[in-house]
Amino acid sequence: MGRTNLRGLGMGLNRSIQSLNQYTGGIKKGNKWLQLLSIKKWGIFLTIMAFLLGRASILDQLSPFALAYFAVIYYMRKDLVVWVGASAVAGCFLSPLSQPAVVLSEMLVFLLLQKAMEKYERTELSYVPFLVGASTFFVQLFMGIVRAGAGWFPITMSVIDGLLATTLCLIFIQALPIFAPARKSYHLKNEEIVCLIILLASVMTGTLGWEIAGISIQHVLSRYLVLVFALVGGAPLGASVGVIAGMILSLADANAVYQISLLAFSGLLAGLMREGGKMPVVLGMLLGSSILSFYIGDQSAILISVWESGVAAVLFLISGSGLVRALSHYVPGTPENLNSQYEYAKRIRDITASRVERFSDVFRQLSRSFTQLVVNDTKEQRAADKEHFMQSVAQKACTSCFRSKTCWNDHFQETQRTLTEMMTAVEHNSKMDKRELRPQWRHSCKKAEQVLNLMKEQYGLYRNDLHWKQQILESRQLVADQLIGVSQVMEDLAKEIKREGQQLYMQEEQIRSALNELGLAVYSIDVINLEEGNVEIEIVHRYTRGFDECRKIIAPLLSDILGETITVKKEQKTEREDGSGLVTFSSAKEYQVETGIAGAAKGGGLLSGDSYTSLELGNGKFAVALSDGMGNGERARQESSTALDILQKLLQSGMNERLAIKSVNSVLLLRSLDEIYATVDLAIIDLYNAHTTFMKIGS
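Residue numbers (my numbering): 138 to 836.
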């Protein structure tokens, strides 16, 4: 059971594993020196973080940060393990706890346990938090017993230290991949943002006790962090960063509990000023920190707090906007993040459209090949079949004739013309007898009656052969038509995919702003198509008083914005608990079609052989089809229904109407003559101008 739980945890951390793997193979090709510089830059940054985490502590008694960070680095960047470990131990020398031997022992125990796990091929990242917790617990328990002897207090503190190390390891697993130079994900989950803030706040606790002219480095960095995230994510993110950073700082220093409220309120006010840019954000932070500084009580402390806020503000103003832009790409809801997601989706759409176009070209080329075969076979095969017919008759009639050489050598043209005329006559009347032979035929050929009988005999085989060859040609033509139809459908799909990649979000925002001004609660707006006469927009709004708002307010508003009449096409309730509804708006049609049907079987039969269907093609056209089966009964009904089903599926797939009709016609004509035959009458109605096209299939 425990092993199963570990596997489950490993699956839960799969996203982090993928992000961590990007460190070893995710750097794109480019300038070699720039790549090396980037790798070294991140290595130095991670090493400095290790030093500060080695110095960090909680309540001057616990130091769970160093081992958790070291363990994650072991999986993320093995090339930095030695440097990170040495830096963390060096930080411990400057820590208030000053326990470098303890931290070094924890690292060695972790490495031993990790090597044992590797020996048994248990190297999943899901095991690391438990190894970190076990290493911390046993080392701290041993040191506690050595210092104070066996008792509940060292055991309790060891358990707490181990649990904290395990928790921090899980947090660092989520947070450290964010610093990957080759990170490809353009979206951070809320959990990842919180983990990132905890990591940065933990690093800041490593500066505890560092002061310049009485100004705390820790407080300056915490307020700088609040300013950055307030500018990136607004009031919610600024306040969240303030709460989390203040809480971590208060755990490191019990006298800094007031920092929770000070940083949270400062982040809230700074975030509210986000739209104005850096300067308003700074003013919001200064106002919030100054107000709450008065609760400190001591005048000198108030002055120092103001100076700390001022230094953080100056650092924020003089620092470049690169950090803010980089963070904005990953924080959900920011314009940079939305633009990154849009660009990514656009690339995916372009790639998909390109592949679909290539498939369309393949099908079109195949169709051309079949069409070329049909054309060549039609011209050449007829001449070859006629030549074969003439040779077969001549071989049987002329081989034993004493005038064979005279006819075919001395009078070839006359003999050829005579046989051709006789063949033409047999084609027109396959039952002609010797009395219908022309005198010139008898004069040219002494065996005219025998030739006539042979022609009548061979003509049946010739006609049967022509029938089946025609069936093959029509089958090839059907394949060619189907291929060109599929090619056209895929080409239209590629165009639609590209059209979706256009910047329709500007129209979406325009519609959203107009609806907000009217006080309508709209959850989402999706512009599917803005082509004139074929507009389609989906809006999810709160379902309160029915859909009257859509017909009476939203539809006229959309009509004014788009410059054409827009109506409600479809309304339905969603599965959301708040009772919201999905409404589809489309271009108004000038006409509507109402269908009705009445039928009776011929001769008073129970089941008519006729079938019907009607469907809207989705492009402003409406199709009505009637299939006339031959006779009554189940067989005729099945044949007519099959013809309509084929036609309906072809039309719904987006195939051109005439091509769909041609395909159905080919299918019907390919049936053998003894089968029940079905015809289809089709009417295509244009709902914009009532123009109707009538077509007959199978007649």
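Treat the hints as calculated values from the structure; they're not laboratory data. Just to be clear, a hint being listed does not mean it is correct.
To be verified - Dumping the calculated DMTMM-like pairs for lysine to aspartate or glutamate here, alpha-carbon to alpha-carbon at most 20 Å:
| no. | residue 1 | residue 2 |
| --- | --- | --- |
| 1 | LYS726 | GLU673 |
| 2 | LYS739 | GLU771 |
| 3 | LYS833 | ASP765 |
| 4 | LYS706 | GLU669 |
| 5 | LYS758 | GLU654 |
| 6 | LYS689 | GLU668 |
| 7 | LYS833 | GLU494 |
| 8 | LYS833 | GLU771 |
| 9 | LYS706 | ASP747 |
| 10 | LYS706 | GLU753 |
| 11 | LYS833 | GLU611 |
| 12 | LYS758 | ASP782 |
| 13 | LYS726 | ASP782 |
| 14 | LYS483 | GLU473 |
| 15 | LYS710 | GLU673 |
| 16 | LYS632 | GLU654 |
| 17 | LYS726 | ASP823 |
| 18 | LYS415 | GLU494 |
| 19 | LYS726 | GLU771 |
| 20 | LYS706 | GLU668 |
| 21 | LYS689 | GLU731 |
| 22 | LYS178 | ASP197 |
| 23 | LYS632 | GLU473 |
| 24 | LYS799 | ASP782 |
| 25 | LYS758 | GLU668 |
| 26 | LYS635 | GLU611 |
| 27 | LYS786 | ASP765 |
| 28 | LYS593 | GLU668 |
| 29 | LYS635 | GLU494 |
| 30 | LYS833 | ASP818 |
| 31 | LYS710 | GLU771 |
Said to hold, decoys possible - Label pairs and their calculated CB-CB ranges:
| no. | residue 1 | residue 2 | range |
| --- | --- | --- | --- |
| 32 | THR304 | ALA350 | 29 to 39 Å |
| 33 | ARG649 | GLY733 | 55 to 65 Å |
| 34 | GLU328 | GLU633 | 34 to 44 Å |
| 35 | PRO373 | GLY351 | 26 to 36 Å |
| 36 | ALA271 | SER398 | 34 to 44 Å |
| 37 | TYR749 | ASP663 | 52 to 62 Å |
| 38 | THR304 | SER398 | 18 to 28 Å |
| 39 | ILE665 | ILE734 | 24 to 34 Å |
| 40 | ALA350 | ARG649 | 15 to 25 Å |
Backbone N, C-alpha and C define an ideal beta-carbon position, used for all residues, glycine too.
Problem set entry | Which numbered hints fail | As far as the earlier hints go, 5, 6, 7, 8, 9, 13, 16, 18, 19, 21, 22, 23, 26, 28, 31, 33, 37, 40 are violated by this structure, in ascending order.
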